[in-house]
Every structure is written in C-alpha cells, then in structure tokens.
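Going down the list, the protein sequences come from chains A and B. The numbering of the first sequence is this note's numbering, which starts it at 1 and goes up by one. The numbering of the second sequence is this note's numbering, which starts it at 1001 and goes up by one.
There may be inaccurate statements among the hints.
[Said to hold, decoys possible] With the Cβ distance kept under 10 Å, some of the chain A side facing chain B (calculated, not the full set):
hint, residue
1, Val25
2, Ile28
3, Val31
4, Asn55
5, Val125
6, Glu241
[Stated by the list, open to error] Below 30 Å or equal to it, Euclidean Cα-Cα: the simulated DSSO-like pairs (lysine-lysine) are:
hint, chain 1, residue 1, chain 2, residue 2
7, A, Lys106, A, Lys186
8, B, Lys1331, B, Lys1115
9, A, Lys220, B, Lys1032
10, A, Lys231, B, Lys1188
11, A, Lys231, B, Lys1326
12, B, Lys1048, A, Lys231
13, B, Lys1409, B, Lys1032
Don't read these hints as lab results, they were simulated from the structure. Keep in mind that this is a model prediction, so the values were computed, not measured. Glycine residues also receive a C-beta, built at the ideal position from the N, C-alpha and C atoms.
What follows is the residue order along each chain.
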Amino acid sequence: MIKESKGFKLIRAIFLISAALFVIVPLIPLVFMAFKTGTEYASTGVFTAPQSFLNFYNFMYAINVGKLGEALMNTAIILAVSLTVQVLFTTMVSYVLHRFDFKLKKLVTFLFTMTMFIPVVTTQVVVFEIIYSIGLVNTIWSVIILYSGVGIVGIYIMLNLLDSISKDLDESALIDGASYFTIYRKIIFPLLKPATTTMLILNGIGLYNDFYIPNIYLNKSTQTFTVALYKFFGSMSTPFEIVAAAILLGVIPIMIVYLFMQKYIYYGLAGAVK
Amino acid sequence: MKKVVSVASVALLATTLVGCGSSAGASGDTDKITVHTHMSQLVLGEEKKDDNGNTYRDESTAYLAQLAENFTAETGIEVELVVSQSADDIEPLLRVEDPEVDVFTEPNFSIEKFKAYAEPYFTLAECEEWYGDYCGTMQNDGENVYLLSPAKVYEAAVVYNEEVIQAAGYDEIPATLDEFEAMLTKIKDMGVTPISLHRIENWPLGTIRDFSAYVGGDAETFTKMLQSDTPFSETDPVGQTVKMYTDWKANGFFEQEVYTDFGVAMDSVAYGKSAMMLFGAWVVPQIQERTPNGMGSEIIKFAPAPDFGAGRYVMTKAADGYAIGKGSDNKEGARQFIEYIADNADYLAKSGFIANKKGVEPIVPELYQLIDESVEAGETELMFGAATTQNSLNNEAVLKEANLLADDKWAGLLFDSYDITKPGNWDAYNAQVKTQNDAFVKFRDQLGITWE
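Looking at chain A on its own, in the form it has when it is part of the complex (with noise of 0.2 Å):
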C-alpha cells in the first residue's frame, strides 16, 4: 500500500474541497431562490438565505399554474417508451453486427457511424415537415418516434461488450436447438445488462434534459418538463424564483431514480469505462 504523506493529503483535501465547492456552490442560490418571496428575491442578494424555508408558495405555483406534475407524467412516459425501444433496437442490430456477416455490413455500420456527423439542427426542417405530414406534431408520438432512434454510441457500447461474450455460448444454444432470436432473449440481452443500463443512463439523462425536440414538436398543450420550465420565462421578464422552485422539482425524479439505481449507475458506467 502507498504511504501517503501530510503535504500530498492536505493537496488532495483541498483539491476535493475546491470540486466540491464548484458544483455546490452555484446550486446555493437556485435553493435559497427557491423559497423566497417575490419581494425577499428583489431585494436581498442570490447569497442571502430566505426568511423561511416553509415558503412553499413558489412550488405550489409551479405545479399547479405551470402545470408542471402533468409535464413530468409527459417526460416520464416519453422516457419510459423510447428508451425501452433504444434498447430493444439497439441491442438487436449490436448483436446482428457482430455476430453475423452480410453483405453491406459495412455499409450499415458506415452509415450508422455517418449519423453522429450530422447536427440535428441543420435536418430538423425536413424531419419536422415528414412528422407533420404523418400529422404527429403536438402528440407525444412525434417525440417519442425521434427519440427511439438508434445512435451509434450504443452500438458501441454493446459491440465493446460483446466482445468479451464467447461465441461458444451461442454455438452451443444452436447445437440446442434456440433460434437466433432465443439466443438474443435468453443469453445475449441478459449479459448485456451492464452496457445495457450505461446506455440507459447517459440516454436517460440526454433526454429528460432535451429542450429543442420537444418545443418544436409540443408547443401547443402537451409538454415536457423542459417546455414547462421554459413557459416559465416571459419576453420581457421572469420570475426567477418560480423557476428555481420548477428546477427543484425537476431534479427530484432524477434523484429518485439515482437512489434506487446508484449500483447499477456506478457499475454500469465502471463498466463502460472497462
């Protein structure tokens, strides 16, 4: 074991200190915010800690006025959908391009890897006008059909994994007498649960956090939380202290899902950094 001395443990100290402090600090102010008054946030400095922290006024106000327990419902089920389809799909075309050989194989891959190049900004005009003619915009369905999309970071995510899963494993359920498609359900998509729940993560959080696709599809009455949030800001001005209590709100289904799943998120990503 490495003996460490006094000078590198005080280095260490303050060096943990100083990140802590970058990624509390700023949260500081969005908390006091949170609990002022209108008059409390005029008036006092974003440092200044609110007369009250039972001030639920500005909670209240964000989920009832801007609607934002029905917005979460929206992200939850658009989540819910397309990432079990991401999933589905994307393990589905890892474990056909790595397991079989076909012809364009290398084609496929080439154009999956050709998505990542292109910015989804510069097609949005021709996709929103093929999901306007499908006649899905202002339904949660435009969303979800652009968000199941399969992206080719997951892809190799589950090529890396399934790298280490002997093929033997799948000769001998062929010996058996599995179909492919067994061999996929029964022994493939188990083991790759690990790259299965990284992606499930870092697609997660992309999407709970994504603003541009749904306010450019659900800007009638469905929203997400994100579109919610941004209702919050007027043309000329906005009521910071609703907005900090509507980011509040927005961060507990995140910490929720983070208690009940933290081992499998520090495994999963331990995994995918593997």
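Following the hints, complete the assembly by docking chain B onto the known chain A.
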C-alpha cells in the same frame, strides 16, 4: 418465430400511430379558428405581484380569452388560443402552411416573412380607407398590408416614477434638454439611477432610432441617413442622438449594475430605485403592475420626451398586429375575428392601445392622459412613425451589408465604445464613428443605392 416478430413489429407501429391527433391536412372547419399569439398575459392573465411580492396570475385580465368567448357567443365560431413563447414556436407551423394557424401575432417578423407566411389582409389603398395614414406604419410591402394593426399607440416617450422626480424637486418632465439633463443630475445626486436602460440586451438601444426622429424633427430621419456621408457623426441627427445617449452614459445617468432581465429594470422604476425609462406605451402598464402596495398609475406616469432641439414630439404608430395564416382553412373566420377586435375599443384600451378604425369610437387608456393634455395644449406635436418605403428598405439593406443592422449594432457599437473608466476620453468613440461612416458609405456605393 419470424412471423411473430413481423406481426409484433407491425402491431407496435400501428399502436404508436393510433389516436394521433393529426393536424396535417385537416379538412376545412368553418366553425373553429386557432389563434397563435405571443401575448400570453392576454390569454392566461397578467402575472402580478401580491403584497409579499409573490407572483400570481390575475385571470380577470385575460382580456383576449374573454373577447374570444364573446366572439364565439356572437358568431358561433369557436376560438382556440395558443400561446407562443417566441417566433421559433410558430415558424415551423407557418413554414408548412398548417391549416390550423388561422390567426397569428408575431411582432418580430420582417416583411419578407410576413409575405411568405401571411395572407395579404388588404391592399394599402383599402387599408387607407379605414386607417388613414397609419397604414404606412403597418407591415406592408408598398402594395399589400400583411399585418393588420387595428389600434394606435404612442411611442418614444418617458415613463417615470413621479415620487422620484418630486423628491428631486420636479412636478413634470422638463420641456427642454438642458432642464431635463439638470433633473437627471439632481436625481443622480440623490443616489437614485436617473434612467434604466437595460443595456445588457441590444433591443433597448433600438429606441434611439425613434428618438433620432425627434432630434431631426422628421419621422424619416433614420431613413435619411442614406443621404449623408457622415450619418454617425454628431453633425447628423442620428449620430447626434447616439452621442446624446453616450453623453448620458458618460455622466452616469444610466444604471451602473447589470439587470438580469428587463423585469428587474422595470422593478427598479416601480420601486423608485430608478427614476425613468425612455420607451413606448407598452411598458407603462407593466411597470404600474409592479409597484408596491398597488400604487400603479398614481406614481407611474407617461409623458412626452423633452425637446431635443427640433421641437417637442410624441410618435404615434399603428399597433397590436394580427395576420391571417397563408395555409388557414378558415380565412373568413380569421378575418371576422380580427375585425371583431378592430371594432372592440374596450378590449383595445384594456390592452393599452387606442382603437383606430374609422367609425369606431376610441377609448383612450388613462396612461395617455399627460400626453393627450400636452398635445391638446399645443406643447407637443404628434409625429407619425416612419412608413416602410423603398428608401427605408434600402437604408436597412446598406446597414445590413455593413453588418450594422442586426442587434442595432449601428447604435450599440458606438455606445459601447465609450469607456467609462476613462472619463472624458472620446478617442475610441470618435474612431468608431469614422469606422461606421466609412463602412456605410462604402456599402451604399457598392450596392449602388441612392435616395429615390
């Protein structure tokens, strides 16, 4: 198994498409119109502050929603109101000519966009029958009007906190520039910000364009830059106006702190931390709503700007615009709704505007009282806002080519070039004047534009 997978895939696709409320290619619905508007406060009610400063929605002020209900009761045409946060929300639907965009309001579209997205409301000649000279200030291409503005409004004036100027020893906004600046100095000496500008954003400096009309004594002052080789110099009205603003900056008449948004700037006037703003009528009700203890119109007043050298003026323009979507499947219903608004002086007054259609008895909101009195007494002259002409379009084309149009850089670059940490040093400002003058002349000549 393959069959099972195929069937499951089709079923999944079918399920995802079931119940999708399609708007594409919707058949014409003459009993309903959809109105997309950026005026959220008129649909949902104004956001106000209670005694604790907490935000609440006053649904009794959802005047457009109330008007829509009355319209439905009288005509049988249902109205769906959709609030747009910005032009980005509505533009994708206009681009595909969504039949459900029957009426839209979007103040920030250029005339090119209105031509692309809106049905011509009527010809300029037809417009003039109903709205006279105000048609020139509506969005038009010289032939057709695309955005009907059924009301008029006063622009480019002073909205101020009366308690602050009274504390400085004044009962009203002084009539001359010298007296006005003397008042600003006294207010500054009291430790109060004389003028809230909200420089952190670009658009507030755009008002210099209107004020330059007062300096030049001509609504077309800004357009007439085209005739000058030195439009940004102090010897020209536009340059003189920017210099006046920059002098005020040098004298510390604007806020020293950075306002996080325009609401904070308005709060500063409402709470007396700042004495005034130089904007249009639209800002007055918003500041009045923010005053503590509901003082509102008792302390927040709206008065003509002082005489900047060519006379004391107040600008009047057409206001509150409505357009019919090009793809609308109920253009007749849309037109009926817009005309219903134009005929409703009460609604327009509650929105802060004055009905302007011939034959409609206007109701003048209380906020215009001081300006009306000043105009009636002959102390202030009404000035029509500049009309869109080939010259004004050409002038903007030159500024655009010189990269001075977007974000009102023609004013912002000059204003920012004066460094308040180097008091009295105008070298950078003068250099910027020369740069802009040279660029303007160069691109005007390159484009071959002359005054028509």
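Comparing the hints with the structure gives:
| no. | hint | in the structure |
| --- | --- | --- |
| 1 | Val25 | 18 Å, violated |
| 2 | Ile28 | 17 Å, violated |
| 3 | Val31 | 18 Å, violated |
| 4 | Asn55 | 9 Å, holds |
| 5 | Val125 | 7 Å, holds |
| 6 | Glu241 | 8 Å, holds |
| 7 | Lys106(A) with Lys186(A) | 27 Å, holds |
| 8 | Lys1331(B) with Lys1115(B) | 16 Å, holds |
| 9 | Lys220(A) with Lys1032(B) | 16 Å, holds |
| 10 | Lys231(A) with Lys1188(B) | 37 Å, violated |
| 11 | Lys231(A) with Lys1326(B) | 27 Å, holds |
| 12 | Lys1048(B) with Lys231(A) | 16 Å, holds |
| 13 | Lys1409(B) with Lys1032(B) | 43 Å, violated |
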